[in-house]
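Visitor: Below, each chain spelled out in residue letters.
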Amino acid sequence: MKRLALAVAASLAAIAGSAPAQETPPVSGYQFLLPETQALQDDDFANPGMLWVELGGKLWDEPAGNGTSCQNCHGAPEAMRGVGTRYPQWSQTEGRVISLEQQVNQCRAERQQADPFGYSSQELVSLSALVMHQSRGLPMSVATDGPAASAYRRGKAYYETRRGQLNLACSNCHVDQVGSRLRGEPISQGQVNGFPIYRQLWQDMGSVGRMIAWCNDAVRAEPLAEGSQMAVELELYLRSLGNGLAIETPAVRR
Amino acid sequence: MRNTRIRVPETAAAGDIVEIRAMIMHPMDNGFTYTTQGTLIPVDIVTDFTCTYLDEEVVHVRLEPGISANPYFSFRLRALRTGKVEFAWVDQHGEKTVAEALLTVK
Chain A
1 MKRLALAVAA SLAAIAGSAP AQETPPVSGY QFLLPETQAL QDDDFANPGM
51 LWVELGGKLW DEPAGNGTSC QNCHGAPEAM RGVGTRYPQW SQTEGRVISL
101 EQQVNQCRAE RQQADPFGYS SQELVSLSAL VMHQSRGLPM SVATDGPAAS
151 AYRRGKAYYE TRRGQLNLAC SNCHVDQVGS RLRGEPISQG QVNGFPIYRQ
201 LWQDMGSVGR MIAWCNDAVR AEPLAEGSQM AVELELYLRS LGNGLAIETP
251 AVRR
Chain B
1 MRNTRIRVPE TAAAGDIVEI RAMIMHPMDN GFTYTTQGTL IPVDIVTDFT
51 CTYLDEEVVH VRLEPGISAN PYFSFRLRAL RTGKVEFAWV DQHGEKTVAE
101 ALLTVK
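Keeping their order, the protein sequence lines are chains A and B. Position one of the first sequence corresponds to residue 1 (full-length UniProt numbering), numbered consecutively onward. Position one of the second sequence corresponds to residue 1 (full-length UniProt numbering), numbered consecutively onward.
Keep in mind that the hints were calculated from the coordinates and are not lab data. Just so it is clear, CB atoms sit at the ideal spot from N, CA and C, and this is done for glycine as well. One or more hints might be untrue.
As the list claims (entries may be wrong) - Computed from the model, here is a short list of chain B residues facing chain A with C-beta under 10 Å:
#1 ARG21
#2 VAL61
#3 SER74
What the hints assert, rightly or not - Straight line, CA to CA, 30 Å or less: simulated DSS-like cross-link-like pairs of lysine-lysine:
#4 B/LYS84 - A/LYS58
#5 B/LYS84 - B/LYS96
#6 A/LYS58 - B/LYS96
To be verified - Not close to chain A: a few residues of chain B, all C-beta gaps over 10 Å, as computed:
#7 ARG5
#8 PRO9
#9 ALA14
#10 ASP16
#11 ILE17
#12 PRO27
#13 TYR34
#14 ASP44
#15 ASP48
#16 TYR53
#17 HIS60
#18 PHE75
#19 GLY83
#20 GLN92
#21 GLY94
#22 THR97
Bound conformation, chain B alone (with noise of 0.2 Å):
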């Protein structure tokens, strides 16, 4: 599991449109730098990113090796019904880091 930070209003009226937030520490090796002792870096990416909310996939983002470190991908969301909104993010190793918050709508 990696370091995350997501952003969630707490509350939210029925129909309101919120900002979702989310950053993942992950250093995203594009496999074309190399050390100061000159060996290669080799890849290492996240490849995708999803946000669910009501169990139904919101956001699906696949990401390729031209993404910078730290991936912060920031969007919008109709506020339905309170329910958790759950953020999950795939590496190309298939090591899986999740993180969830409640909104809850008034």
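Bound-form chain A, shown alone (with noise of 0.2 Å):
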């Protein structure tokens, strides 16, 4: 409760400073929980989202398509620490910026000539949970220049555009409200650094794309189709909010 308080003055000071809510430290929506969920994801047997992990390494191992498996070609999963760090990134081969899950998804295409799963679906979670979860613990840093440039900009238009019947940008709560209430719950900075994330209300795992189009929903706006570009491009703003938090994944939120 320290570190929320801690956090949540933190944040009040800078909104009463007048700083532009940007320059505000990126605090992990760790801090927002109650210790009970934070004790939920601390414990590496009781993390529901360490099924999903475990889940992503039996088909890591399981060949498809042609035969082969992302093991053949990757080794170990544990070789895959600190690529997630860098999801979304630009992809020279699509010519577009590509979140982990499309990536997955592309190899499975290019390299294992099967067919891709679905963006929402059990496998495809499962296997960015996999990913993700090797570099737990690294900042991170997606890059947000070069020919990502224009995506970030796109992105951040977004998040700062108002939408819905509700008529709130994403930035009106997660940025002007941080640590004030929303009925019962505080109101976070909305960072996706523990994503995919096993989320109490879905009783499920989720990725970044499923809570955009959830919270799309909330504010009763038409949801961005998860995978969509404009989905990827705003994953990739959302994840440059956080560049320098410790990636969490599997986290547990409410």
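Put the complex together from the two separate chains, hints included.
Guide: Now the structure itself:
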């Protein structure tokens, strides 16, 4: 609770000091959780997200399509340490910014000659949880310059645009009202350093794409399709807001 | 066979009380929720969980629809002799998922 109080105080001070909101230091959603939920995330056995990480480990070794598995090219999943910190990133072959989920599917289609997984399928979220889990503790560091710059700008514009029947932009809550309460729950910065997360509301694992669609729905806007280019570019912007925060996958959130 | 996680200590001294943990990946749909398209998701639950040690049933849980997804059980067991700790989950369709671990008693 003390950490939460500090985080809240820091963000309120930033708002009061009329500093540009983006310069508030990033605070992980973990700091806004109840101690019980934090304990659930910290316990590697009780954390339900580990079920998906383990399932991802099984899929990693499983031959697909032309008989190759992820393991054949990449070796053990541990070799993926650090990879998750960079996504979404610019893909030269695709000519656009792609998410980690799309990178997994690209590998599947091109190197394994197998059908890509559905964007919100259990298989894809498990593999992406497995890869992100390898980078647990490493700081997020997505590139927002170079070829990704225009995607970053579009993501930022989306984040700051009011939408939906409630006419709210992401930033109206997650920048302007951090630490305030929305009914019983403190508003976090909307950081995505723990994704894919086990969300208690869903009783399921979800990617950033699923969360964005849920948030859209919450302000009664048309949900962005998971894996759509706009959703990926928004994910790039969200991750850039948390650059420097340690990756927590699989995080547990409300 | 569903994805499960179990934790049994590898070794224990005779008479020791050890902690056993078991979890299964299961949606535990309670029959009251709807998809985003508005169709009712029918009840789909695990109905029984059992743990057997030295061929004796030590824990039997009957699960009901109110239990949340990915049910997780933790309990204590007195280690007597070296033997298998076996876990079994049965869902409402009769599908059985099993897992086992060896507990070595020194």
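Visitor: If a hint holds in the structure, say so; if it doesn't, say that too.
Guide: Hints, one by one, checked against the model:
1. A cut of 10 Å between beta carbons decides the hint on B/ARG21: the least distance to chain A is about 6 Å, and the hint holds.
2. The interface hint given for B/VAL61 is violated, since its Cβ lies 17 Å from the closest Cβ of chain A, which is over the 10 Å cut-off.
3. Interface restraint check for B/SER74: the shortest CB-CB distance to chain A comes to about 8 Å, inside 10 Å, so the restraint holds.
4. For the given pair, B/LYS84 sits about 24 Å from A/LYS58 by alpha-carbon distance, which is consistent with the 30 Å threshold.
5. At roughly 18 Å between alpha-carbon atoms, B/LYS84 and B/LYS96 fall within 30 Å of each other, so this suggested pair holds.
6. Between the alpha carbons of A/LYS58 and B/LYS96 the distance comes to roughly 20 Å, so the proposed pair stays at or under 30 Å and holds.
7. Residue-level check failed: B/ARG5 sits 6 Å from the nearest beta carbon of chain A, not beyond 10 Å.
8. The beta carbon of B/PRO9 sits about 12 Å from the closest Cβ of chain A, which is more than 10 Å, so the claim that it is off the interface holds.
9. Interface exclusion of B/ALA14 from chain A stands, the closest Cβ pair being 25 Å apart, more than 10 Å.
10. Residue-level check passed: B/ASP16 sits 19 Å from the nearest beta carbon of chain A, beyond 10 Å.
11. Remark: the non-interface label on B/ILE17 is consistent with the geometry, its nearest Cβ contact in chain A lying 18 Å away (cut-off 10 Å).
12. Taking the minimum C-beta to C-beta distance to chain A, about 7 Å, the non-interface status of B/PRO27 is violated against the 10 Å cut.
13. The non-interface label for B/TYR34 is consistent with chain A: the shortest C-beta to C-beta separation is roughly 14 Å, beyond 10 Å.
14. No Cβ of chain A approaches the Cβ of B/ASP44 within 10 Å, the least distance being about 12 Å, so the stated non-interface status holds.
15. Non-interface status of B/ASP48 relative to chain A is upheld: no Cβ of that chain comes within 10 Å, the nearest being about 20 Å off.
16. In this structure B/TYR53 is separated from chain A by more than 10 Å, as the shortest Cβ-Cβ distance comes to about 19 Å.
17. For B/HIS60, the shortest C-beta to C-beta distance to chain A comes to about 22 Å, beyond the 10 Å cut-off, and the non-interface label holds.
18. Non-interface status of B/PHE75 relative to chain A is upheld: no Cβ of that chain comes within 10 Å, the nearest being about 14 Å off.
19. Against the 10 Å criterion, B/GLY83 stays outside the reach of chain A, whose nearest CB is about 22 Å from its own CB.
20. Taking the minimum C-beta to C-beta distance to chain A, about 17 Å, the non-interface status of B/GLN92 holds against the 10 Å cut.
21. Chain A leaves B/GLY94 outside its interface by the beta-carbon criterion, the shortest separation being 22 Å against a cut-off of 10 Å.
22. For B/THR97, the shortest C-beta to C-beta distance to chain A comes to about 13 Å, beyond the 10 Å cut-off, and the non-interface label holds.
Violated hints, in rising order: 2, 7, 12; the structure is consistent with all others.
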